[in-house]
Amino acid sequence: MTENSTKDPVKTSRIDLNKLDRMVRRFERLFVFLVPIVAVLSALILMAFLIFSVGSDPWVAYKGLFSGMFGNNFDTANTLNRAAPLMLMGLGVAVAFRGGLFNIGGEGQIAMGGLFASIVGIYITGIPSIVHIPLCILAGFIGGAVWSILPGYFFAKHGINLIITTVMMNEIANSLVAAMVKGPLLEPPGYEPQSYKVLESARLPLIWEGTRLHAGILIAILAAVIFYIILFRTPFGFAVRCVGENETAAKHSGLKVFRIRMLLMMISGGLGGIAGAAEILGAQYRLREAFLANYGYEALAVALLGQKHPLGVIISGVLFGGLKAGGASMQRATNLPMALVAVVSGVIILFVIASGILTRLPRYLAKKEASRGA
Amino acid sequence: MPSAVRMENITKRFPGVLDNDHVTVDIARGEIHALLGENGAGKTTLMNILYGLYHPDAGNIFVNDRPVTISSPLDAISKGVGMIHQHFMLIPVFTVAENIALGEEMQGNPFVDLELTRKRILDLSKATGLHIDPDARVEQLSVGDQQRVEIIKALLRGVNVLIMDEPTSVLTPQEADELFVVLRKLAEEGKTIIFITHKLREVMAISDRITILRGGKVVNTVNTREVDRDSLANMMVGRKIFLNFDRKALNVGNQVLELKNVSALNDRGLPALKEVSLAMRAGEILGVAGVDGNGQSELADVIMGLRPVTHGDIIVKGRSVVHKDASYVIKQGISAIPFSRHEEGLVLTFSVKDNLILKEFYNPPFSDKGLLDFKVIQDNAQRMIKEYDIRTTGPDAKVGNMSGGNQQKVVLAREISRKPDILIACQPTHGLDIGATEYVRQQLLNQRDSGISVMLISTELEEILSLSDRIIVMYEGQIMGEVPAEQADLQEIGKMMLGVRLEAAKV
Chain S
1 MTENSTKDPV KTSRIDLNKL DRMVRRFERL FVFLVPIVAV LSALILMAFL
51 IFSVGSDPWV AYKGLFSGMF GNNFDTANTL NRAAPLMLMG LGVAVAFRGG
101 LFNIGGEGQI AMGGLFASIV GIYITGIPSI VHIPLCILAG FIGGAVWSIL
151 PGYFFAKHGI NLIITTVMMN EIANSLVAAM VKGPLLEPPG YEPQSYKVLE
201 SARLPLIWEG TRLHAGILIA ILAAVIFYII LFRTPFGFAV RCVGENETAA
251 KHSGLKVFRI RMLLMMISGG LGGIAGAAEI LGAQYRLREA FLANYGYEAL
301 AVALLGQKHP LGVIISGVLF GGLKAGGASM QRATNLPMAL VAVVSGVIIL
351 FVIASGILTR LPRYLAKKEA SRGA
Chain G
1 MPSAVRMENI TKRFPGVLDN DHVTVDIARG EIHALLGENG AGKTTLMNIL
51 YGLYHPDAGN IFVNDRPVTI SSPLDAISKG VGMIHQHFML IPVFTVAENI
101 ALGEEMQGNP FVDLELTRKR ILDLSKATGL HIDPDARVEQ LSVGDQQRVE
151 IIKALLRGVN VLIMDEPTSV LTPQEADELF VVLRKLAEEG KTIIFITHKL
201 REVMAISDRI TILRGGKVVN TVNTREVDRD SLANMMVGRK IFLNFDRKAL
251 NVGNQVLELK NVSALNDRGL PALKEVSLAM RAGEILGVAG VDGNGQSELA
301 DVIMGLRPVT HGDIIVKGRS VVHKDASYVI KQGISAIPFS RHEEGLVLTF
351 SVKDNLILKE FYNPPFSDKG LLDFKVIQDN AQRMIKEYDI RTTGPDAKVG
401 NMSGGNQQKV VLAREISRKP DILIACQPTH GLDIGATEYV RQQLLNQRDS
451 GISVMLISTE LEEILSLSDR IIVMYEGQIM GEVPAEQADL QEIGKMMLGV
501 RLEAAKV
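Sequence lines, in order, name chains S and G.
If you read the first sequence in my numbering, its first letter stands for residue 1, the second for the next number, and so on.
If you read the second sequence in my numbering, its first letter stands for residue 1, the second for the next number, and so on.
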């Protein structure tokens, strides 16, 4: 967008630049809301055709899906429980994005968070909940943060592709968790590869009577609030955004880019770790292999659809949580396979990413608008 | 000699500048023809027109005496005109043969015949002395060898006229000498070489004829044998117009910055600064003249703590800062107007108010108790907009949507309002309109008058001459000499810019 102003000064010089600026900003603000909504609607419409083409009624399918998301209290609670880890990891991805880091190591960071939290939740005994729960969450944060140090360092110091290193770390973490639940953490007699349950004192309280809704969603919302304050209200957040938008200018302004990136990567991984911890402490209680499979990747979609903004991440987290929760219900209503829901998520992601091609559109529209007025 | 290329009355206008103004050059077949001129003289524009990258607003081009229109580089190559840019267009992981076969694979044969390509390379190597191993991977080759690959690529496509855009700027002196031998040989075989440069030594060493450009116009075309360095320097620099600024008498204070024998490498790992020593005192403007790419940006970088120093010492107000980072240097009271306001000076997607605090946001009053104080930031922006006459919709306007002059005012406002002791101004008026240019220059003088030590790095001689108190001239990473501004002799400076030391230039 910005090269535009330098590349064709002839065209822009006829337009009042100040007016253009106002227009561009107005259109950009509009697009922040418009893009995700259009992406979701387009995906649903496209899916409706697909469902119709295999001989089912899209209306029935979507009704089934929706009732599985919010049909009754139990479903709503389930949606929110699925949403909590997606939100937490989504916040992690979004905050990294803001600083120019593409963290797709969510799988591994979640796994390590779950592992650390499980160990603290199972083996530290004799302390009250008020201490035990925060301790487990902290352990989860540390687990995720530690797991992101290496890729973060390689990238920030040597520019080594973060996408590749984080994915590799995912594999290692998953294998590590698998090895732990089959070995040192295995619950006797060992019929199933899983750990002991975490102690009562470490479990997140249920917060809605008659449902399984646990406090994970509150942790996610609290994290979103902290995310917002740090990113938009503190000097550290300012530095993060500066590094993310223009690394060279950040260096020339004396910002310690390496340090900022390392810290950011650890916060990002740490949020993933909390996602894993909350799932173990609130929903599953014991560590199993791949206990949140694919959540790390779906968190990318949550962050992108949420426009990397904490409020957006919360909203899109509920949506993606709902798709996970509602799939079974759609299957019951139509006999369509549950995997179809994954296709919906996939198409939404595709549309959101494709909206990147629209980044020039606000400027284009603004120019048209401004030159008409001129 | 028959003409290989003739360009008649070429005119090319870019917004605000006339880059080529009725330029006529005639290049004979089999000669090495140098295009000499300062930055912005229009050399590269002219050659980009010949290579089909730009289209002229007016004028005619003849290749082998036939009128042609050249629509694209591909079109140019088909007419026998090739160009080698400063940055090579090679794929590092491919071998030499693969790189050369690339782009030829669409000629009917669905398979790439690498064996044939290898043979053609070896044949050409033998004929021209351009020795290269066709199976070497390009990333393993030296820069000089990569340039050879580019030349071979052009020749194998049937190019008879080879344009080389400052070919030696990336080469070591030895590599440059080897290149000259090759070019001489190619010329003997009837190829025509057009050589863009601003280095006098090379012009004298390699060319048959020279066309000197200045301000988009042809000054003269001369036979190399019949000219000397002095007359070339004169033609290149010409008579500059001195701008009239109301200058107060010089009132220098203490020495605030000193460089002692500082050496540093450029991004390619080649020596860019060689034992540079200089001193700056409070209340003066030190002008750093020189043709672009002679170590000026590295000089600014080392002072700002953005580039490691391989040798020497940098002393700011009595303290060595030589291995400190940018953050430390900034805190010592050094401000800078960087070369590129888009890339280095501003975050274009940020608002005016945020860009105004880029260097101070973590300090009070902008941050208080760990939180940004939005009111202070807003008030600060409002004050700066008024004080520096920044034309914008307000503190929330995005700088990316503003004009170049107003963007530079944002940088200037930020850097000056920090109340620095030293200001490093790098090409501060580059790309600005006349009004903004004058404003920036006046501000620099005001800073000097208020006792700040200003370093003005500029390739525009008129700017250096009209603002500086002292002038140093850089050439290939060295300081050719220092002259007080009132005694500055234009010809002398011109010669130093072309690599002649002050002592020699005086004669």
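Everything labelled a hint here was simulated from the structure, so no lab data went into it.
Be aware that one or more of the hints could be misleading.
Unchecked claim - To give an idea of the chain S side of the interface with chain G (calculated C-beta under 10 Å), a few residues:
hint: 1; residue: Asn18
hint: 2; residue: Glu28
hint: 3; residue: Leu30
hint: 4; residue: Ala77
hint: 5; residue: Ala178
hint: 6; residue: Ala179
hint: 7; residue: Gly183
hint: 8; residue: Arg233
hint: 9; residue: Cys242
hint: 10; residue: Glu245
hint: 11; residue: Ala249
hint: 12; residue: Lys251
hint: 13; residue: Leu255
hint: 14; residue: Arg360
hint: 15; residue: Arg363
hint: 16; residue: Lys368
Yeah, the Cβ is synthetic: ideal placement off N, Cα and C, and Gly gets one too.
Do the hints match the structure? See the list:
Interface restraint check: Asn18 (chain S) against chain G, minimum CB-CB distance 5 Å, threshold 10 Å, status holds. The interface hint given for Glu28 (chain S) is met, as the beta carbon of that residue sits about 9 Å from the closest beta carbon of chain G, less than 10 Å. With a least beta-carbon distance of about 15 Å to chain G, the hint placing Leu30 (chain S) at the interface is violated under the 10 Å criterion. At about 36 Å, the closest approach between the beta carbon of Ala77 (chain S) and any beta carbon in chain G exceeds 10 Å, and the interface hint on this residue is violated.
Annotation: Ala178 (chain S) was flagged as interfacial toward chain G, and the flag is violated, the nearest CB pair being 37 Å apart, outside 10 Å. Checking Ala179 (chain S) against chain G by beta carbon gives a least distance of about 37 Å; that is not within 10 Å, so the hint is violated. The closest approach between the C-beta of Gly183 (chain S) and any C-beta of chain G is roughly 43 Å, which is over the 10 Å cut-off, so the hint fails. Against a cut-off of 10 Å between C-beta atoms, the interface hint on Arg233 (chain S) holds, since the closest Cβ of chain G lies about 5 Å away.
Evaluation of the Cys242 (chain S) hint against chain G yields a held restraint, the C-beta minimum of about 6 Å falling below 10 Å. Proximity of Glu245 (chain S) to chain G holds as hinted, the smallest CB-CB distance being about 5 Å (cut-off 10 Å). Because the smallest distance between the Cβ of Ala249 (chain S) and any Cβ of chain G comes to about 5 Å, under 10 Å, the interface hint for this residue holds. Restraint check, Lys251 (chain S) versus chain G: the minimum CB separation of about 6 Å is within 10 Å; hint holds.
A hinted interface residue such as Leu255 (chain S) counts as satisfied when its beta carbon comes closer than 10 Å to some beta carbon of chain G; here the least separation is about 7 Å, so the hint holds. For Arg360 (chain S), the interface hint is violated, the least distance from its beta-carbon to any beta-carbon of chain G being 13 Å, above 10 Å. Below 10 Å, beta-carbon pairs count as interface contacts, and Arg363 (chain S) has one with chain G at about 8 Å; its hint therefore holds. With a cut of 10 Å, the hint placing Lys368 (chain S) at the interface with chain G is violated, because the nearest CB-to-CB distance is about 15 Å.
Comparing the model with each earlier hint shows violations of hints 3, 4, 5, 6, 7, 14, 16; every other hint is respected.
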